[in-house]
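Going line by line, the protein sequences match chains E, D, Y and B. Counting from 1, one number per residue, gives the positions in the first sequence under the working numbering. Counting from 1, one number per residue, gives the positions in the second sequence under the working numbering. Counting from 1, one number per residue, gives the positions in the third sequence under the working numbering. Counting from 1, one number per residue, gives the positions in the fourth sequence under the working numbering.
There's no promise every hint is true.
As the list claims (entries may be wrong) - Simulated crosslink set (BS3-like; lysine-lysine; CA at most 27 Å straight-line): (1) Lys-183(D) <-> Lys-194(E); (2) Lys-79(B) <-> Lys-21(E); (3) Lys-127(D) <-> Lys-168(E); (4) Lys-206(D) <-> Lys-168(E); (5) Lys-676(Y) <-> Lys-965(Y); (6) Lys-79(B) <-> Lys-52(E).
If you're looking for bench data, these hints aren't it; they were derived computationally from the structure. Just so it is clear, the structure is predicted and the values come from calculations on it, not from any experiment.
So the chains spell out like this:
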Amino acid sequence: MIVGEQKPFDEVWEMVRSFKKVLVFGCNTCVAICHAGGGKEAEILASLIRMKAAQEGVAMEVDHLAVERHCEPEYFTPVMEKVRTYDLVLSTACGVGVNFLSERIGTIPVYPGIDTGFFGAVPQAGVFTELCAGCGKCILHLTGGICPVARCSKSLMNGPCGGTNKGKCEISPEVDCAWYLIVERMKQLGTLDKLYEVQPPRNWSTGLYGGPRRVVLEHIRDLEEQDEKQESQAGGTDK
Amino acid sequence: MKSGSNLERVIASGKPAVTAELGPPMSADPHEVIKKAGMLKGYCDAANITDCQTAVVRISSIAAAVLALQAGLEPVMQMTCRDRNRIAIQADILGAAALGLKNCLCIAGDHQSFSAAGRLKGHPGAKNVYDVDSIQLVGILKKMRDESLQEGGDKLEVPPKLFIGAAFTPGGDPMDYRPYRLKKKVDAGADFIQTQGIYDIEMFRKQMEVVRNLGVHERTAILGGIIVPRSAMMLKYMDASVAGVSVPPALIQRMMKARDAAGDDKKKAKELQEAEGIRIAVELIRQVLEIPGIKGVHIQAIEWESAMPEIVKAAGLYPRPTFND
Amino acid sequence: MSEKTSSSDKHGSVLVVGGGIGAMQAALDLADGGFKVHMVQKDPAVGGTMVMLDKTFPTGDCAMCMISPKMVEVGRHLNIDIHTLAEVVSVEGKPGDFKVRVRLAPRYVDPDKCTGCADCEAKCPRKVTSEFEQGLSTRKAIYALFAQAVPNTRAIDASQCLYLTKGVCKSCQKVCKAGAINYEDKGREIELTVGAIILGPGLDRYDARVRGELGLGRWPNVVTSIQFERVLSASGPYKGEVKRPSDEKHPRKVAWIQCVGSRDSHNANPWCSSVCCMYATKQAIIAKEHDKNIEPTIFYMEMRAFGKDFDKYVERAKKDYGVRYQRAMISAVREEPGAGDLVLRYASEDGKLVDETFDMVVLSVGLEPHKNAVEFAQTFGIETTPYRFPMTSPLLPVRTSREGIYITGTYQGPKDIPETVMQGSAVAGEAMALLGEARGTETASKELPPERDLAGEDARIGVFVCHCGTNIASTVKVDEVVEEAKKLPGVVYATNTIYACAQDNQDVIKQTIHDQKLNRVVIASCTPRTHEPLFQETIREAGLNKYLFDLADIREQCSWCHMGKKEEATKKAKQIVRMSVAKSRLQQPISTDTVGVTPACMVIGGGIAGMTAALSLAEQGFQVHIVERESELGGLVRNLHRTLDGSDVQEFLESRIAAVQAHPRITVHTGTEVAKTEGFVGNFKTSLSSGAALEHGAIIIATGGVEYRPSEYLYGESERVVTQRELEKRLAGGEQPKADESFVMIQCVGSREEPNQYCSRVCCQDAIKNAIAIKERNPNAQVAILYRDIRTYGLREDYYKEARDRGVLFIRYEVDRKPAVEKTNDTIRVTAWDYMLNSELTLNADWLVLSTGLRPHPTTDRVGEMYKVTRNPDGYFLEAHVKLRPVDFPSEGVFVSGLAHAPKNLDETITQALASAGRAGVILSHERLAVSGIIAKHRRDLCMSCLSCFRVCPFDSPYIGEDGKVAHNEVKCMGCGICAGICPAKAFQVNNFRDDQILAMIDAAVECEEPGVIGG
Amino acid sequence: MDKLAESAASDAVSPVEKPHEAPPGWEPNILAFACHYCAFAAADLAGVMRLSYPSNVKVVRLPCTGKLDHIYVLRAFEKGVDGVFVAG
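Make a model of the complete structure from these sequences and hints.
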């Protein structure tokens, strides 16, 4: 799931202070699970903004609302009429939700209420850890199920650098060295020999570095292609 | 000859090679480099020019290497994977070769959060690159040199003739995997290897035994790393905090004894410790060179280049071989 | 009224004599388990000793906070009749059918009329020294024993009342608006017919004035330990400030003198009172917490921290609180003239006499039978010991010499609260086993009208504002509150009442509900903690769902704490009513569910604990499955031959095994382990490693423990080094010690030091038992015991004395100076430091006997994980509450007994097993279990299965359902609402504490106030 | 995460606001959220013992303080309550 954290309140206040009618708009999926931006947190943030406004003597109307997900239009379309009555939507959805709503809302600004972090697991209540970087080319079968792209501070591909110290990463004694874990895990699995081979430079274009990504299911792609064809044919006859 | 560098020639001659280290300054003034080069000249076969070590901005390795070269000291430019993607790396390699540089050490580089282990501000907010890792970098250099091909496959008209180096941390964990990782570097094309500083000779011997069993020592020249100790405090710090370095308690005690002999006299304590440090370094050099498969030493007298002549002489490694062609 | 009729001539009712925590536990277990209970209590209220205590060891929990809900429960229970100021006069009949005559002393206050408002107490002019406050403050002649007394009907002390003694006054009668005062009360005698009798009259405290040299009664700053409890208590004479009586100054140096009246066969009682070491430690800690300047010193002879986590508590007292423990006997206390300070004389460890001055001295007084203990026993026809305790046996620890009469608590011998509670449940189990078939024959249940359907109705709230005599009305303007209530939305009726809780007012409320078509009721009176159930019952009788009620507390939280501030108190009372009405408006009827119960129990472990529990439950009428890992029953007791008092353990074990195997309702699964258990209280499903599948309503975990196998003191290296158990076996095999054959025993092997910082509890007695056996067989054999503290607590102290009298040598050692042992040619040489002689001492032992401790059974962790029950740091199971729920786990329907819980002696294991059977029996006796109304309701349509609830719930009520999403088991839910607090989707709401209700209360709390200026 | 920048920022701006001066005679309006089992019982006992405290303290009973929701506290402050006391 996507893990985010509420922005520092002062930062939020700077964003919203000049608006008269603000909707804090929560998303009840990933960011709700990490207690950052669900309906509950939207309500809390709205209350905090109202109090700050009262303290600062700023006249401001602040409401809150939440829908199941911000990344699928069917969830927020039913409330868009109400949403459009505000001067500002402060979205506590992840960055995906902010972008997505922003594209569809018209001329009303949508600002982020949370900092979107990473894809995380929940090893225990209230703890979220990054395990996958969404690089677009999974090699976990080569690394004992532990991702060096996400979990090695240098995203190294060929084993631990010289900075491994007592199984921890050179950036902090709090951070596990991913490669240390990988080697230990591969030993357990009896597949350490996979780490004896040199991995050539990676093709990073499957990740963010290749530009924004899009996944289209095959049957949809066929349909899209058909549509395009028809359009160009139609265009052709027009001319 | 792959590169024809002085270092390559010394190694080819079968005599123990000596490399040193030269850290460029945080300054646009070339004199510091020239001064240090002068101190090292004649006491080593080549000197590593660090590449923004500990993630702190200094004169770039290539530029400083050229300054050293001009001052008569053969440089080993260092190339980290932290700051450049494969495009920048290859461009810099071509440029470096064009400027006459012949040795290159490929390393991952300290993480940008390192900031001189917190002693300087550094740039912890910088975005790192790590497009390729050190092993992949070795492979890229080898492909450029031997196949005249860029990593992407495009042709190079004139390939860069470089003597390619890589690092080895024998005491880093997971220790049992380290020799295999070294082998990967050599498989990728490392001509020479410089190790992390060795104090625990026993550990190094054992690791070298594994290295020899893998046949790696025959395909590359391994230079044992010697970090010249300067004080008991430094040894304690390295033992506790420097990754892959462990210092036997006996060495620390020797240093403490030297310090304590001076009583409250701080100046004297420094002198006594430095003298002991040089003695330790010389002993370590001798022990390392005795290990089968070792082709030389990489001596780091960090910010203490002036100690090099004494150490090299005491270790019986002076004068350095010269070649007259 | 009766649900069923008894097929036999046994009665489904039980007499419980006494009103302390043990008696209350027995009464509650029996009444909850389907028996009618008559509680006969000599005091005007229940509570016993525990209500006088400030805190309890070793957790520091507040005693009153723990016992108060229990008292309320006893007081309100439909099937418990409390007879106070009562004494049993005679008992006739046989088990199952006793006729008991009870004399009720006059109370002079009619309990049916008295509302407990205490107006009379305020008016009564006669001040009397308070027994409850141990003479440190006064009460009135008309009084309640203590503030939270149950029943809270006042009583007149006839010996002090001015009217009853001198014929003048009648102030109480004049002020009592309920007309409850009856000076003509003559008391009466009643006859009860019961099936069984439980005796729990408790013990008295030793009167330390007998030992004049200690200065009690002579020097004002010498107090007893129970007086000091009151000093510490926040509701005591000094409101919890530590002061000394003479000048109410804060003492700095406080000394505790241990064993006052105990362990002294010459001047006082020979037995150990079991609790004083720990309560002194507790008092020292709490005193220090109250006032950090206090420097506590405890003068003791032997630190008997033998219970679960006790040693750790003492260690904490030393290390974290700086409590000084001084091993010394105090020979005398004298006052320094003028100052009130006290000088204690004692011999220090090196034998020198020391005089040390203290500001205050606490005498740790011991426990002893009541003065009339022999007559009491005679009334019931039971035998007593020479010390006047009732006669029991370690193998039948709660039975008296007369069948059908059981004993519980300290009456049997000194013990602490959890052991008392355990015995309470144990006697309940015994009585249930005796009267099994009569269960449910005498209990009452209420016929209730159907609940009115409120569909489509708007809120029609009725508000009743109580005067509580003058308790509320003298501070709050009740009429104004009524007027204010009338204005509130949803309120259709508001009125005042003199006593909302009076019996006649219940009828008024019911009639008003009917007349005004009320569908919600708010009563503004006192605390919901005691009175809510009463009013809920009332509205339910009027056909309203009982959760359509709210109690606005304008007494405890308004009039009583804002006396003399009429305006402010009235304003606050209005706000409180407004908050209550706001909540009430949003109340919805709550339907409570019930679940069926499988009347069977699974007992894990076939040792003595498991078998005892199984037999009791089977006798109670339930199916029992014993699951035993080993191939035969018996457990650790197989290695035990004699108890300290000489009972034959093997014979007992054989008889138990035979009884278990013969019992038609018990199935034994040996060589088997539990593979998996699913379900919840009343409805467990277990599969065994054998493949068998069981259905059962309760689980008793009696997995036992193991004996520590020593690696120290040459054990295993020399055949001359044996454990106590091995020695016991040899002696049982008939071995005769030779003259001058020398036995040296070392105590605390593998106990009381890190990492096993706990006392194994049994080893001191084992050593003494074997030592006596050796001396019995050959008085010329030599026995020496090297010990740290001899912990022959309670009545076991006699055997310590016997051993000494028989010439057994006791030599103390300290943990940092342990005995050294070495092999010589034919003996073991033991070297130890003798603290008496201050020199090294060498013993040549033919036999070195190691008193090895106990360890949790290796399966404990696995079983713990299976049932999600935690273990303490030593690896023993952690009960639900150290004091009041000693055999329960937090998970309903799962119980613990025996060594799995903590090291204990055989009699204690049997007691705990009976207790777990009693507790399990209560659950199994119900055909259906009612689910509470105040629980969290889960909305799966809102839930996103994030598992926050699952992770935080202390009761495991949220679970991952078969569809892989979070579901909620309401049966397990206790309504705490932690899930609702954490749920990011707001999928949980607690009935009657829903967010909208709480928010409405918050809004109402500030309505009509001057608008708040945020941020000042 | 920019730890250094963060700590530098927190050095510069104290996270704790300076308290406002209370006008003379001003009494705070306080709402207490109390656990039914302990703090609410304690409030009862305070009454039983006739301990006096200012009347502008009102108690909302919760089944457990774990039931407390952030929004209760915020709502109270928004409505103008000056202090919230959570006791359990």
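If you test the structure against every hint from before, which numbers come out violated? none
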